[in-house]
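Asks: In case you want the letters, here they are:
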Amino acid sequence: MSTAALAAPAADDLGPRVSAARVFGALLRRDVRVARKELPAFLVRTTLQPIMFTIVFGYLLPKMGFLSRAYTAALLPGVLAVSLAMAAVQAVALPMVVDFAATKEIEDRLLAPVSTRLVAVEKIVSGILQGLVSALFVLPVARLIMGPIPGLTLSHFGEVFAVAMLGAAAFSAMGLLLGTAVGPQHIGLMFSMIVAPMIFFGCTYYPWRGLDAVPVVKYLVLINPLVYVSEGMRASLTPGVPHMPLYVVVAMLLMLTAVFGGLGLRAFDRRAIG
Amino acid sequence: MEAAIETVGLRKVYPAPKMPGRRPRGAPAPAGVQALNGLDLRVERGEFFGMLGPNGAGKTTTIGILTTRVRATSGEARVDGVEVSAQPVEVRRRIGVVPQQPNPDRALNVRENLLFHASYFGIARPVATTRADELMERLGFADKAEAKIDALSGGQQQRLMIARALIHEPRVVFLDEPTVGLDPAARLGLWGILRELHAQGRTIVMTTHYMEEADQLCDRIAIIDQGALLALDTPAGLRAQAPGGTLVELALDGDAEPLVAAATAVAGVERAEARGTLLRVFGPRGGESIPALIAVAEGAGRAVKDIQLARPSLETLFISLTGRKLE
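Just so you know, the sequences run in chain order E and C. According to our numbering, the first sequence is numbered sequentially starting from 893. According to our numbering, the second sequence is numbered sequentially starting from 521.
Just chain C, with the same shape it has in the complex:
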């Protein structure tokens, strides 16, 4: 069966920002910013697919290319079997997009936002009106139907964006960090809506940098950093890939690098690495190695300022893959 989304070797290089002043003669042109570096993805129909990564990982660029709003530098991208660069109009018929920042048409009121968007897709007025009313009811802002956009809270605007993305009944729905800026209650409400969409068979592609969100909602998760795919599996599969046992993180009062060798030698430690003044140790024995690690640190003349423990999770996997935390 044809995939809902397929990318092959997708690359995007944004032109370097223009520097003020004239470039000296013969100086090389400034290199562009590489946002995507050969991304291969395949999302099946009806799948709830998560893209997880820190800011700047390339998630939004990927969504931009798949939704015809960003031109890929090279590589292939297909949505519902349609090549994005060759037939953008055909792709637009198949997709709904919830942007990172709500961008409603502020010159129109709430209901008009939905009705005009439907009209851009050729949906007859009576059908559009019915759908708009149902969506507003379902998403809980029916009382704001005639309101100006400015009268909506951030969460309501976000839900308006979801209603807008759904009113033309797209096959694939893209959501770019849909819960950023929402309060916890609104976030849970949105999760419920997304689960419902998923249960009804739509393909959903969502980017997030909230680990828990991806874990709770997605069938599969792609971990992306620096424009490339680092891991791709079900949440359970990814957790199983997390490095053995517990992550122990010691914050020191100086560079952690000289301690790595000694820390690796501690019983029950599988792997140790230094990130500045942080010493990260992965091992199956949980907190048991902590006294030995403190001794290692003190033996090297470092004081331990803080200790954190993390169970095997997407978070520890992410840290071990990228060396960075998500949030």
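Just chain E, same shape as in the assembly:
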């Protein structure tokens, strides 16, 4: 056998200090590798529900004449927002809950020679990427199901991309907070009590201005982060549909990312180091 692998440490065996950027890159490559392996299951988990919703509300009901075709222009951005947000939040939160509570698999990354916070930041970035992948997958599928969508434009691509990035960042950071704060026995509860209401009151299936008819709800839903992703998608993808001004959307998503990110990093630190 070769003893090279078990060779004695030399006096100056520490080698050059590895840069944080390089470790970050390695952590991200690991997540990308795992996400690629699990891509089909991931897409089913995060896009099946929005796609089924698209079939019912974007195809069947308009076909039956219960809904006008114009409704699809309000629906498509919302469906994208749900896919994006749910993918980002789940990509970070679900593995983390299991990691911290049971398997401790994250330990080998916590022993990497970088600050613990950088490991958490990497998780947020990885969640953003997965949110974007999910939205990119749903966009053509939804468009195919709904048929031509009145007023849909990709001419503001930069704005679409910015909203998608910020929305994914806010929800990825929220995933970090939930993943560190919620025990495995409460995951189910978290999804029924936090995530499900968020989807239905996230202006995903109707534009915010539509709530002018019910002012109480209109102002209550403003605490829902998903509202800003949905409205931002409308502002940039189907600007003909009434929507919040883009600057409000951007400001709110930046603020939410900062708040969730700050709390999430702190909570991660606490969970990671006993």
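Simulated from the structure, these hints should not be mistaken for lab results. Being a predicted model, the structure only gives us computed values, none of them experimental. Treat the hints with care, as some may be off.
[Stated by the list, open to error] Footprint (simulated), chain E over chain C, 3 or more residues, beta carbon under 8 Å:
{"#": "1", "region": "588–600"}
{"#": "2", "region": "734–747"}
{"#": "3", "region": "774–788"}
{"#": "4", "region": "814–828"}
[As the list claims (entries may be wrong)] Listing some non-contacts, in silico: residues in chain C with all C-beta distances to chain E over 10 Å:
{"#": "5", "residue": "A523"}
{"#": "6", "residue": "P537"}
{"#": "7", "residue": "A551"}
{"#": "8", "residue": "Q554"}
{"#": "9", "residue": "E564"}
{"#": "10", "residue": "N575"}
{"#": "11", "residue": "G584"}
{"#": "12", "residue": "A671"}
{"#": "13", "residue": "R691"}
{"#": "14", "residue": "P704"}
{"#": "15", "residue": "W711"}
{"#": "16", "residue": "A794"}
{"#": "17", "residue": "R795"}
[Stated by the list, open to error] Listed next, with one range per pair, are the computed distances between beta-carbon atoms:
{"#": "18", "chain 1": "C", "residue 1": "P704", "chain 2": "E", "residue 2": "L940", "range": "31 to 39 Å"}
{"#": "19", "chain 1": "E", "residue 1": "P1040", "chain 2": "C", "residue 2": "D670", "range": "32 to 40 Å"}
{"#": "20", "chain 1": "E", "residue 1": "P1134", "chain 2": "C", "residue 2": "A551", "range": "37 to 45 Å"}
{"#": "21", "chain 1": "C", "residue 1": "T593", "chain 2": "E", "residue 2": "S1047", "range": "54 to 62 Å"}
{"#": "22", "chain 1": "E", "residue 1": "L906", "chain 2": "C", "residue 2": "G660", "range": "25 to 33 Å"}
{"#": "23", "chain 1": "E", "residue 1": "L906", "chain 2": "C", "residue 2": "P646", "range": "14 to 22 Å"}
{"#": "24", "chain 1": "E", "residue 1": "A1143", "chain 2": "C", "residue 2": "E657", "range": "53 to 61 Å"}
{"#": "25", "chain 1": "C", "residue 1": "G660", "chain 2": "E", "residue 2": "P1076", "range": "32 to 40 Å"}
Don't be surprised by glycine CBs; every beta carbon is placed ideally from N, CA and C.
Since the structure of chain E is provided, determine the placement of chain C on it from the hints.
Replies: Structure of chain C alone, referenced to chain E:
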């Protein structure tokens, strides 16, 4: 020369578990759980150092602090001269950790576990590949390189953890109860690997609650209980500290306490103590005192249900220090 590991007055208090319901107004906050109570240790470079103690003694907490995974409440801890709390990243560059429970990255296969871990330490891919292949070969799971983690036995997972801890060639290797749950053959195999690592000059810190394991492998052993150091010496040195002669343990049918004075007075008995219904007697004359001890017990109206003898060993030292058995 700088020590591989040094701790001074290391303390760790875990917060008390949260009680359901609201604490009444003015009630004191529940006290935390004290895991380490001023631990002082010094491990020299290249030493094979054992930490021996029952469950809950503070061994895992000590390893946790030294490997940057647990924050000490107070005190100092240095690894390879680097203060753990001040420069955790620098400490992580120097250490390899084999955890108590194997925690491989189950989303990756066996080889990927090693290659990604190496990449977290900035090791170039070709170097990492060579090292991973050599480690898998040496540790006997090269045939599982492409396997999923779930296809590995417990012993193979444990060896994967060892390979992972070594792939970045750390100066100090920590192993937390590495042989728990291994069958005897796998345990002996692991001992061989650990001896080899030691022979090649690495510092090894291992916790165990197997007396024999510590005795066989370690240069020095620290006996720890209730978060404090009780004894620290070479295995031979510790055996020499074991209370004189043989331990005779009599299991009685009732409380042993009333017998202690009479037992101490028996010829050839150095010390006697009661632990519930157990009467423990240390003396240089081995089993010769047994008839007299039985007479003492019967004189006090107790029946002797069982008798055990133990030669001077780490085990008898441990029992005399802690009043408890290890296993």
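Asks: Hint by hint, note whether the structure agrees.
Replies: Now for the hints, and whether the structure bears them out:
1. Counting residues of the region 588–600 of chain C whose CB falls under 8 Å from any CB of chain E gives 4; the rule of at least 3 is met.
2. Requiring three or more residues with a Cβ within less than 8 Å of a Cβ of chain E, the coverage given for the region 734–747 of chain C is violated, as only 0 such residues are present.
3. Taking a C-beta to C-beta cut-off of 8 Å, the region 774–788 of chain C contributes 0 residues in contact with chain E, too few for the three needed, and the coverage statement is violated.
4. With 0 residues having a beta carbon nearer than 8 Å to a beta carbon of chain E, the region 814–828 of chain C misses the requirement of three or more and the stated coverage is violated.
5. For A523(C), the requirement that its beta carbon stay farther than 10 Å from each beta carbon of chain E is met, with the minimum near 16 Å.
6. Under the 10 Å C-beta cut-off, the non-interface status given to P537(C) relative to chain E holds; the minimum distance is some 13 Å.
7. With 10 Å as the threshold on Cβ separation, the claim that A551(C) sits away from chain E holds: the shortest Cβ distance comes to roughly 18 Å.
8. Q554(C), annotated as away from the interface, keeps every beta carbon of chain E farther than 10 Å; the closest lies near 14 Å.
9. Remark: the non-interface label on E564(C) is consistent with the geometry, its nearest Cβ contact in chain E lying 14 Å away (cut-off 10 Å).
10. At the 10 Å boundary, the C-beta of N575(C) stays outside the reach of chain E, the nearest C-beta of that chain being 17 Å off.
11. Separation of G584(C) from chain E is inadequate, the least Cβ-Cβ distance of about 6 Å not exceeding the 10 Å criterion.
12. Every beta carbon of chain E lies more than 10 Å from that of A671(C), the smallest distance being close to 16 Å; the non-interface claim holds.
13. Not every C-beta of chain E lies more than 10 Å from that of R691(C), the closest at about 5 Å, which undercuts listing it as non-interface.
14. No Cβ of chain E comes within 10 Å of the Cβ of P704(C); the nearest lies about 23 Å off, and the non-interface call holds.
15. Look at W711(C): its CB is around 14 Å from the nearest CB on chain E, clear of 10 Å, so calling it non-interface holds up.
16. Interface exclusion of A794(C) from chain E stands, the closest Cβ pair being 38 Å apart, more than 10 Å.
17. Every C-beta of chain E lies more than 10 Å from that of R795(C), the closest at about 33 Å, which supports listing it as non-interface.
18. Checked against the given bound of 31 to 39 Å, the beta carbons of P704(C) and L940(E), roughly 50 Å apart, lie outside it.
19. As the Cβ distance of P1040(E) to D670(C) is approximately 48 Å, the hint placing it in 32 to 40 Å is violated.
20. The hinted window of 37 to 45 Å between P1134(E) and A551(C) is violated, with their beta carbons roughly 59 Å apart.
21. With their beta carbons about 60 Å apart, T593(C) and S1047(E) fall inside the hinted range of 54 to 62 Å.
22. Between L906(E) and G660(C) the Cβ separation comes to about 29 Å, which falls inside the hinted range of 25 to 33 Å.
23. For L906(E) and P646(C), the hinted distance range of 14 to 22 Å is satisfied, since their beta carbons lie about 20 Å from each other.
24. Look at A1143(E) against E657(C): about 58 Å separates their beta carbons, and that is inside 53 to 61 Å.
25. Checked against the hint of 32 to 40 Å, the C-beta distance between G660(C) and P1076(E) comes to roughly 34 Å, which is consistent with it.
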